[in-house]
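Protein chains in written order, with the working numbering: chain A, 1 to 367; chain B, 1 to 184.
Hints should not be assumed to be uniformly reliable.
[As the list claims (entries may be wrong)] Which chain B residues stay away from chain A? Per the calculated CB distances, all over 12 Å, these:
no., residue
1, Ala-47
2, Tyr-62
3, Arg-63
4, Met-96
5, Val-101
6, Glu-128
7, Asn-131
8, Ser-143
9, Ile-181
[Stated by the list, open to error] Just the calculated beta-carbon pair ranges, DEER-fashion:
no., chain 1, residue 1, chain 2, residue 2, range
10, A, Asp-50, B, Ala-150, 35 to 45 Å
11, B, Arg-65, A, Ala-250, 46 to 56 Å
12, B, Gln-93, A, Ser-177, 49 to 59 Å
13, B, Leu-126, A, Leu-339, 49 to 59 Å
14, B, Leu-182, A, Asp-56, 55 to 65 Å
15, B, Asn-176, A, Gly-150, 27 to 37 Å
16, B, Glu-92, A, Asp-112, 53 to 63 Å
17, B, Gln-93, A, Leu-339, 51 to 61 Å
18, A, Ser-215, B, Glu-92, 43 to 53 Å
Simulated from the structure, these hints should not be mistaken for lab results.
Virtual Cβ for every residue (Gly too), placed ideally from N, Cα, C.
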Amino acid sequence: MLKRLYANNFRCLVNFELKFDELTLLLGPNGSGKSTIFDLLSGIRRLLADNARISDAFPPEEFTAWIDCPEQTQTFELDVQGHDGLFSYKLVTTFMKSTKKQRIDIEQLLHDGKPVFQFQKGEVQLYHDDHQLGPKYSFDWTVSALATIGERNDNKKLSWFKKWISSLMIVSPQPRSMTSETKDESAWLDPNGLNFASWYRYISQEHQDKIMALSEKLRKVIPGFHAFKLELAGKHRILKAGFINGDHNASPLFFDFEQLSDGQRQLIVLYSLLIGLKHTVLLDEPENYLALAEIQPWLMELKDACGESLNQAVLISHHPELIDYLGRECGKWIEREPLGPVREKNLPEKFTNGFRLSEQIARGWTE
Amino acid sequence: MTGRRVQIVILCEDSQHEVFGRRFLKQAGWENSDFRVVKSPEGKGCASQWVRKKFPEELSAYRQRKNRAASCLIAVIDADNLSVHERIRELEQECMDQGMVCRSNDDCVAFVIPKRNIASWVHHLLGEEVNESDVYRELERESLCQPAVAQLANICNNRDTGTLLPSLKDACQEYNERIRILKS
Chain A
1 MLKRLYANNF
11 RCLVNFELKF
21 DELTLLLGPN
31 GSGKSTIFDL
41 LSGIRRLLAD
51 NARISDAFPP
61 EEFTAWIDCP
71 EQTQTFELDV
81 QGHDGLFSYK
91 LVTTFMKSTK
101 KQRIDIEQLL
111 HDGKPVFQFQ
121 KGEVQLYHDD
131 HQLGPKYSFD
141 WTVSALATIG
151 ERNDNKKLSW
161 FKKWISSLMI
171 VSPQPRSMTS
181 ETKDESAWLD
191 PNGLNFASWY
201 RYISQEHQDK
211 IMALSEKLRK
221 VIPGFHAFKL
231 ELAGKHRILK
241 AGFINGDHNA
251 SPLFFDFEQL
261 SDGQRQLIVL
271 YSLLIGLKHT
281 VLLDEPENYL
291 ALAEIQPWLM
301 ELKDACGESL
311 NQAVLISHHP
321 ELIDYLGREC
331 GKWIEREPLG
341 PVREKNLPEK
351 FTNGFRLSEQ
361 IARGWTE
Chain B
1 MTGRRVQIVI
11 LCEDSQHEVF
21 GRRFLKQAGW
31 ENSDFRVVKS
41 PEGKGCASQW
51 VRKKFPEELS
61 AYRQRKNRAA
71 SCLIAVIDAD
81 NLSVHERIRE
91 LEQECMDQGM
101 VCRSNDDCVA
111 FVIPKRNIAS
121 WVHHLLGEEV
131 NESDVYRELE
141 RESLCQPAVA
151 QLANICNNRD
161 TGTLLPSLKD
171 ACQEYNERIR
181 ILKS
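Excised from the complex, chain A in its bound form (with noise of 0.2 Å):
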């Protein structure tokens, strides 16, 4: 579980530093920095899980735009606690004007405070699973050595940490886009959920034991939903949704995944995230396609599955039944001036009465 964040220097980031629960919603105007928070941990997924080089995670034009100075330095943290201890990351980039080079200077995997790997001034120190010295050698500045760290049985608290990242599922779902053919198996959503049908069928081979369960959960969620098949199609397959009226002895009839409403895509996603892989999901305007009706139920599984089937979800919304629902509790007010830091404020001081924290955003009474 993402326990703490901290940035300095990536776009509207400085100094900045967010703790996180095990559901979080993050609340605040447009343009106060919400979205980016998502975008540095797609950034350190991106160098940690695909490799990325360090200057197309968090290219130059990603610093601060107010700080300006031949060397810029960039700074990210992450606490997160696994099973058996607190990981802290820390990754520290420089960009050099001069030669419009950036490197990384400092990366480091830290578990409870003590080493599982070093790297720098581009040298790399490994360590074991008891923290004793291993391997020594030169490294590449331009991406991440740890991401080209391989499992094996003395370093698995290492191991650990670069699953965890790898199935951070960082999702602002559009479901307008999503296709139903699948080429393979995707361990991984998508930031925009489009490969949903490559992710359904990964589901499918590895964990066919949640199938069923979220089958069931959509017949509820869904009227007339039945079952997903996918389809062969030459070479790929096609994600269909069979739907039956009334009369259970009927035949589905199938539809293209694609030919779903927005809506009901969106519901497959949202619900489908929620079926015990446990993941950490982050999740932009989760509410967005859903009919008013579908907003709190979807609210009450996610929150019923928070720490159980789901690691932890850290969720942004301007949505009132969001807010209503969950903002008192799970709710963190991110907040900037125009060209100024971010910064997180205290929830919007509670009005007597019963008035309505989404009433109290409405107004602008946030200070």
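Using the hints provided, position chain B relative to the given structure of chain A.
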């Protein structure tokens, strides 16, 4: 295409009430999609007044709806330093102040009134020695009430409420007489 229709409105003070109530009803076979949670915007503390004030509005909505579809209303409100009956009288008074008759015997409207508060019930159901006067520590996480809820569902289902705290016994009776009927 028809959408979801709420069957049970849970009017409550805070999230611990909500989670306890919802999880209990789920044990009895309801789904989250059957519920609409209406909880105090003020969260913990001072929320009992909000529930009292909101109750007549929800009761009125229930009455307008009940002839069209199976539905019910559950009001969850801590007794605090009052008795369960005093809390009920307060709710009745709120209705009278609005010119309304409070619930009748055939209304699927249940009062769930933990005394002293919901933490007393949870600790009691988890097997601790508990009375209805002292204040007990709140749970670290709301979901930790699950074993207590499961225990209560079992007791309530078997109508074997003899050893329960008096306020919990009352709540079981409310459930069995006014809500359970919707499932049968």
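Taking the hints in turn, this is what the structure says about them:
For B/Ala-47, the shortest C-beta to C-beta distance to chain A comes to about 9 Å, within the 12 Å cut-off, and the non-interface label is violated. Consistency note on B/Tyr-62: stated as away from chain A, and its beta-carbon is indeed over 12 Å from all of that chain's, at 17 Å minimum. Every C-beta of chain A lies more than 12 Å from that of B/Arg-63, the closest at about 21 Å, which supports listing it as non-interface. No Cβ of chain A comes within 12 Å of the Cβ of B/Met-96; the nearest lies about 21 Å off, and the non-interface call holds.
Once the 12 Å rule is applied to beta carbons, B/Val-101 is consistent with being away from chain A; the minimum gap is 24 Å. No beta-carbon of chain A is positioned within 12 Å of the beta-carbon of B/Glu-128; the least distance is around 23 Å. Listed as a non-interface residue, B/Asn-131 keeps its Cβ farther than 12 Å from every Cβ of chain A; the least gap is roughly 28 Å. Not every CB of chain A lies more than 12 Å from the CB of B/Ser-143, the least distance being 6 Å, so the non-interface label is violated.
The non-interface label for B/Ile-181 is consistent with chain A: the shortest C-beta to C-beta separation is roughly 22 Å, beyond 12 Å. In this structure the hint that A/Asp-50 and B/Ala-150 lie 35 to 45 Å apart at CB holds, the actual value being about 43 Å. The supplied range of 46 to 56 Å is broken by B/Arg-65 and A/Ala-250, whose beta-carbon atoms lie about 32 Å from each other. Between B/Gln-93 and A/Ser-177 the Cβ separation comes to about 56 Å, which falls inside the hinted range of 49 to 59 Å.
For the hinted restraint 49 to 59 Å between B/Leu-126 and A/Leu-339, the CB-CB distance of approximately 54 Å keeps it satisfied. Between B/Leu-182 and A/Asp-56 the beta carbons are some 57 Å apart, a value that agrees with the proposed interval 55 to 65 Å. The hinted range of 27 to 37 Å is not satisfied by B/Asn-176 and A/Gly-150, whose Cβ atoms lie roughly 60 Å apart. Take B/Glu-92 and A/Asp-112: their Cβ atoms lie about 57 Å apart, and the range 53 to 63 Å holds.
Taken as a hint, the range 51 to 61 Å holds for the pair B/Gln-93 and A/Leu-339, whose Cβ atoms sit roughly 56 Å apart. With their beta carbons about 46 Å apart, A/Ser-215 and B/Glu-92 fall inside the hinted range of 43 to 53 Å.
This entry does not satisfy hints 1, 8, 11, 15, going by the numbered hints stated previously.
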